[in-house]
Amino acid sequence: MNSLVIKNGRVIDPANGVDAVRDVFVVDGRIAAAAAKDATVIDATGKIVTPGLIDMHVHLREPGRSDKETIETGTRCAARGGFASVVCMPNTSPAADNTGTIAFIKQRAAEAASVNVFPTGAITKELKGEELAPIGSLKKAGVVAITDDGRCVQNNELMRRAVEYSKMFDLPVLDHCQDYNLAADGVMNEGHWSAALGLRGWPSVGEDVIVARNILLAEQLDWHIHCQHISSARSAQLIREAKKRGIKISGEACPHHFTLTDACVKTYDTNFKMNPPLRTERDREAILGGLADGTLEIIASDHAPHCTYEKEVEFDVAPFGILGLETELALALELVRNKVIDLRRLVETFTVNPARLLRLKKGTLSVGADADVTIIDLQQGWTYDVTASASKSRNSPFHGWKFHGRAAATIVGGKLVWRENGQG
Amino acid sequence: MTATTWKHKDLLGIQELTADEINHVLDTATAFKEVGERAVKKVPSLRGKTMVNLFIEPSTRTRTSFELAAKRLSADVINIATTASSLVKGETLKDTALNLQALNADIIVIRHSAAGAPHFLSRILKASVINAGDGAHEHPTQALLDAFTIREKKGRIAGLNVTILGDILYSRVARSNIWLLTKLGARVTLAGPSTLVPRVFEEFGCRVTHDIEEAIRDADVINLLRIQHERQRQTMFPSIGEYAAMFGLNKERFARTKPDAMIMHPGPINRGVEIDSEIADCGRSVILEQVTNGLAVRMAVLFLCSGGRISAEGAE
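These protein sequence lines map, in sequence, to chains P and V. Quick note on numbering: this note's numbering labels position 226 of the first sequence as 226, and the sequence is numbered without any gaps. Quick note on numbering: this note's numbering labels position 127 of the second sequence as 127, and the sequence is numbered without any gaps.
Note that these hints are calculated values from the structure, not bench results. Computed from a predicted structure; not experimentally measured. Every residue gets a Cβ at the ideal spot worked out from N, C-alpha and C, and that includes glycine. Hints are supplied without guarantee of correctness; some may be wrong.
[Stated by the list, open to error] Across the chosen pairs, the derived CB separations fall in these ranges:
#1 V/A81 with P/E131: 43 to 49 angstroms
#2 P/P134 with V/M246: 52 to 58 angstroms
#3 P/E285 with V/S194: 50 to 56 angstroms
#4 V/A81 with P/T387: 33 to 39 angstroms
#5 V/I124 with P/L378: 35 to 41 angstroms
#6 V/E202 with P/R160: 48 to 54 angstroms
#7 P/V205 with V/P58: 32 to 38 angstroms
#8 V/E202 with P/Q379: 46 to 52 angstroms
#9 V/T235 with P/E131: 25 to 31 angstroms
[What the hints assert, rightly or not] Derived coverage of chain V by chain P (criterion: at least 3 residues anywhere in the stretch with Cβ under 8 angstroms from a Cβ of chain P; other residues may be distant):
#10 90-101
#11 104-118
#12 130-140
#13 193-205
I would like the entire structure built from these sequences, with the hints used as guidance.
See the structure below:
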């Protein structure tokens with residue numbers, strides 16, 4: 001079933017400047033100019049048709065923690081959420097700091113993944129922040145970027161060398177921005193709620209100083225540093241100013257940071273514990289502002305599955321992170337409903353922007369491109385039931401939330417990998 | 001307020017209580033204080049009930065106070081301290097609690113180094129959960145016994161100037177006192193080094209100052225807090241010596257307090273650090289009376305959370 005006609009949808013393809021009702025043709029797994037004879041017809045009347053969405057920040061936990069998630073289950077979540085491609089983080093066990101682990105991930109993806117899986121490699125060996133990982137070899141093995149995500153290189157000289165070295169291989173550097181001394185043992189945002197709840201604070205300035213460092217390094221080395229999951233108002237402002245000066249810096253926003261605030265922690269529910277933490281309403285509004293004006297040009301989930309028994313513990317000792325792939329698009333569509341961003345901007349943040357940053361031949365419906373397509377139903381009301389998730393884990397703060405709009409179908413390489421009320 | 005309006009199975013914190021509920025606990029404690037002064041210090045109110053002292057952080061004062069309170073109410077008591085507990089063998093708090101429930105424990109008194117641990121237990125257990133101190137969050141029975149002591153000595157709480165001096169940031173006693181005293185209409189001043197008494201506490205209806213002389217000058221009650229070494233990051237102030245010099249209640253400072261200013265401390269005290277040794281023992285110090293009152297307050301809390309009622313004849 002590799003030839004399709006996706007009929008009569010509103011096609012939004014920012015890479016080609018398209019926003020019009022038209023048909024999309026798929027022949028032999030690629031976008032085509034005309035239909036094949038035996039093509040299967042998918043009626044997209046009243047729906048939005050976009051290039052297959054990309055989530056450039058997920059944790060698939062394989063190898064090493066397949067009790068939390070596997071490449072198979074994680075990519076099934078992606079398909080359900082409308083994502084045709086995911087970029088997986090290197091904090092696996094063993095870490096993706098060697099070509100063998102990258103080869104393993106690619107092999108497992110070829111065998112079991114529902115969607116495209118693009119691995120990242122580690123910046124440093126074992127993500128320890130001490131010695132550079134074999135970045136050139138990782139590039140040859142197929143990584144699309146390097147990052148120590150979950151950790152942050154504290155040694156500024158080492159970070160400088162990582163950026164300088166990666167530039168030679170045309171590899172962007174992604175950074176989880178966290179100063180360890182300032183964040184220390186914090187478990188939630190430092191502010192009113194940490195004071196009221198007696199929980200240790202992780203102040204936003206601990207993010208800001210690393211964002212500032214990255215801006216200075218990106219400027220000096222003229223190479224791209226992408227700041228992952230920006231949660232702080234000041235960080236968004238720093239990136240905005242730096243971009244105006246033409247520095248190769250970018251920022252990403254996660255749905256939980258633009259939807260929730262640190263007030264959610266007041267019941268000590270560990271599904272509101274993530275890193276960086278939920279911050280204040282002022283920070284949340286600044287993230288929305290960053291999305292609205294393009295300062296934060298990418299939305300990603302930071303999908304971070306954890307076993308129920310790991311999360312059913314005291315707030316202090318629970319691991320950071322929540323599921324994200326299945327609720328991400330719906331939470332982003334809320335931004336459109338609330339007129340924070342328009343549909344075109346939403347599609348850009350999930351397609352052409354991450355594709356451009358990571359040099360993926362994705363995120364477009366150009367003739368000849370891989371036939372990755374997402375069909376979005378803006379009208380459909382639905383309720384998220386995490387107990388029915390495709391993930392192996394259940395750690396979502398959005399269980400029971402009512403949403404408007406979701407992926408009606410996800411197509412990867414011309415193959416239908418998800419259809420709402422159908423195959424999953 | 002009538003006794004029947006106490007509807008809580010658990011006592012997780014002061015923040016969840018109304019002023020009426022707080023006063024009701026204090027009134028109930030007055031009745032129980034009298035029990036402790038009798039020759040036979042025991043009433044049958046909780047006969048047949050089992051109370052577990054689950055202490056996952058070291059404590060002597062609070063644990064023995066709860067134990068004695070329960071025994072005076074005729075409950076059976078089990079003590080589980082952190083070293084004796086299976087938690088060190090890797091069992092989760094949830095599993096430990098479910099095991100206690102399987103033994104039909106009626107009341108679980110929990111002390112834990114993690115804020116919110118009692119709230120977590122209350123969501124999964126049918127037994128009453130009493131917070132005996134959770135991290136830097138709350139220590140509700142300490143605030144209740146402090147209020148009981150203030151009310152007994154000063155005759156009221158509303159309108160008093162209460163200064164809490166010391167390590168506010170890491171103190172559960174400070175938080176529970178802040179919620180309680182502001183609900184009952186006292187004027188609360190927090191004082192100490194700026195790193196331990198951040199301005200954010202003004203959002204809770206307190207005054208924050210870093211000038212100790214000014215903080216104690218008009219105080220009717222001065223509540224001194226210990227430096228919480230075990231919860232503190234290393235960078236908060238230069239040294240214990242500097243703390244004592246800048247913020248300790250020494251004789252010179254004490255001489256400038258109001259003549260009837262009452263000195264409180266939740267213990268354990270560090271003589272010569274936050275409080276001069278002689279001041280701790282002076283006539284205006286109520287530190288040991290706080291301990292006595294703690295027993296009555298904890299009897300009241302155990303009694304009320306078990307569904308007990310006070311009738312005209314007293315506790316039944």
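Okay, which hints does this one fail, numbers in order? Hints 3, 6 are the ones this structure does not satisfy, whereas the remaining hints hold.
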